[in-house]
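**Student:** Now for the letters of each chain:
There are 2 protein chains.
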Amino acid sequence: MNCTIITIGDELLIGQTVDTNSAWIGQMLNAIGIKIYERIAVGDIAVQIVKAIDTARSQSDIVIITGGLGPTKDDITKKTLRTYFHAGEVLHEPTLARIRAIFEKRGRPLLAINETQALVPDNCTVLDNERGTAPGMWFDVEGKVIVSLPGVPYEMKHLITNKVIPKLKTQFPLPEIYHRNLLCVGIGESSIAQMLSGIEDSLPSTIQLAYLPDLGMVKLRLSAYGITDAAHKAMLDKVYDEMKRIMQAYVFAEEDITLQEAVGRLFQAKGKTFAVAESCTGGYVGHLVTSIPGSSVYFKGSLVTYSYSMKEAILGVKKETLETQGAVSEACVREMLDGLLRVSDADYGVAISGIAGPDGGTAAKPVGTVCFAVGSKESIKTYTIQFFPSRMENIRASAMTALNLLRKAII
Amino acid sequence: MNCTIITIGDELLIGQTVDTNSAWIGQMLNAIGIKIYERIAVGDIAVQIVKAIDTARSQSDIVIITGGLGPTKDDITKKTLRTYFHAGEVLHEPTLARIRAIFEKRGRPLLAINETQALVPDNCTVLDNERGTAPGMWFDVEGKVIVSLPGVPYEMKHLITNKVIPKLKTQFPLPEIYHRNLLCVGIGESSIAQMLSGIEDSLPSTIQLAYLPDLGMVKLRLSAYGITDAAHKAMLDKVYDEMKRIMQAYVFAEEDITLQEAVGRLFQAKGKTFAVAESCTGGYVGHLVTSIPGSSVYFKGSLVTYSYSMKEAILGVKKETLETQGAVSEACVREMLDGLLRVSDADYGVAISGIAGPDGGTAAKPVGTVCFAVGSKESIKTYTIQFFPSRMENIRASAMTALNLLRKAII
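So the protein lines, in turn, are chains Z and S. Numbering-wise (my numbering), the first sequence opens with residue 1 and increments by one. Numbering-wise (my numbering), the second sequence opens with residue 1001 and increments by one.
Please note that the accuracy of each hint is not assured.
[As the list claims (entries may be wrong)] The calculated SDA-like cross-link candidates involving lysine to any residue, where the alpha carbons are at most 25 angstroms apart (straight line), are:
no., chain 1, residue 1, chain 2, residue 2
1, S, Lys1270, Z, Thr382
2, Z, Lys270, S, Lys1105
3, S, Lys1377, S, Phe1388
4, S, Lys1144, S, Ile1045
[As the list claims (entries may be wrong)] Not everything, but these chain S residues come out facing chain Z in the computed CB check (under 7 angstroms):
no., residue
5, Asp1010
6, Glu1011
7, Leu1013
8, Val1018
9, Gln1027
10, Arg1039
11, Asp1074
12, Pro1293
13, Leu1303
14, Thr1384
15, Gln1386
16, Ser1390
17, Glu1393
18, Ala1397
In case anyone wonders, no lab produced these hints; they're calculated from the structure. Ideal Cβ placement from N, Cα and C applies to all residues, glycine included.
Looking at chain Z on its own, in the form it has when it is part of the complex (with noise of 0.2 angstroms):
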């Protein structure tokens, strides 16, 4: 059993958005069993619309495509599907009932276009969306199945959860499938698999290892698709019983979750509460922590002194300190955790100063040199850390590091 996801959409192709629906996807029906065999991304052309959706019925039984379902002149792919089927359109009347309710909810007055959005091809089963103005679309051919939904993220995952999956699971036996993950934070992907290599050497071909990369920490994910016996499933748990006692030092957790979310776990089993103090980091330390629902049960807020006047100001960093050794040295950073511990409640904190780039870089401390101060009132250390020529992923490299030390001072 397994999909083709087909995305439509100019914005796509030219790179103005990011395919995060893809991915979503593909996460959601994985964890039912179902492979996804290919992703393909087309423009808002009907030929090439009509060449993804050939392609995928050839090599898949399921075809979810996303986009192309807006209002305007360019989404074309309602229009495009009901040419494919050679179909008529009929009006939806529950959707309009809602579109009509949306707006008069907003206040905004209801355009001819948008009346136009529950006109549907008659051979579809329509998936009511909630959740907007574009209903989804389940079309059933020749034992297999073409599902289109509108792109907007807030709505595809809205009618992927509550409409597409349960009519997949009653529609299709979907076999069985086993997966383990292991997250490893600090060390590298080669590093990890010199470490592994007995175990991958020596593992059944029924049983597949992936290295997932990112940045700051590698996922191992141990998988078998169509197991149904148990001896099977204790042979896999027993390469992961293996994989996990080598790996013991890195391992941060055992299910699919990010650091922050274990991080977060750790602090509130413990019942302690921590706050952050970020300079090079801006604010994206925060912004994951509370990208968590339930994060202020432990967390207490993060002070984002970007400016020398804000470091003194609202941390207390001394002006010496600032002009002897910089705002980029241990020694700031360690005032800047003091002085967070003791304007906030929080029994944990860590601060991160560092050179982010492309600009402010010397030869002592280069672009990427990063410190951090991470502790409790009673035991604080300070640490530096040589990161990347890039920005972006410096950010990203500090405030993983941050979060580790974070992890590591609490357990």
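Got chain Z sorted already, so can you dock chain S onto it with the hints?
**Tutor:** Just chain S, lined up with the frame of chain Z:
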């Protein structure tokens, strides 16, 4: 002249990695007049890679492949290309020397699997990768070009910018391309479409208008490919000027920049600074602002006071206000902004407090309720806006709104 992009990696299909490479490559090639015809993502499986290359070659002049060049066993792109071209294998000495130097600098032992990264098919031109261990490979095949690059964004970007684009420019006659962008904020896609319907109906077939909605903003893009004469450009310019006149109240930029860049340029041009007091956005406003190089000129910092205690201790919000009106109230954001302007030396400030969700909503203040205060010591305005039911959408929309309020405050 067009290009198909192939991205390789199981991690893309199972959705553990979001493909940001394709969008970036699309932007870069578009800028030099190369259209992206299609994007294909396949797993680390030889037959699928071969099929994707065949498809890409049949429809495009240029094929760019990223991913699958790592040292581990699951990375098979290089081996597959060698088999595909029936090529032999040669050692690329400069790459081996670079790999050795990288490991020496990092103080890590050089492993045999790392050395294999210097082996390349004997029919390719090596594109030196100064940022990593996997070299880029350029294949000239029957008048078409196939390029294989590492999937690590930092390495891929370097190779595209410094190796691939210069080589494409010398090898192909690139058509002229003419684009103009109009970026609007604070208005929805269909309202814009209605305002521009007259223009759209009378557009000549050689000029395309695209709507590219992004959270809280819409990019309008007029484009014409293969334009060489001044008269045609003047025609596009005339349409553009008319669009600009109609959309005047909502336009924040005429180039393809982000709202945070537009705000940064405004503050820089006026020689003014700003700071932020964040609650529900958790540092995201600070992150957006500091993702722009050089933002320290106009950005003082962001005080992310996530807890009541931090709001009181850092910004001087009154306990009484929090108890009687709650943290999500115009009274609270006004006090947050007062405090921010008092403790920072910024000229302008914006304060944000809201209910991002999924928890914390009430009947009177449902999830998505966000309060803003914006201004300077001279004048402060407050607003309450109702956004979405989803956490990340609320965080993003709140941050965009805060930036737009800052923009309006200074112009």
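**Student:** Among all the numbered hints in the text so far, which are the ones the structure does not match?
**Tutor:** 1, 2, 3, 14, 15, 18
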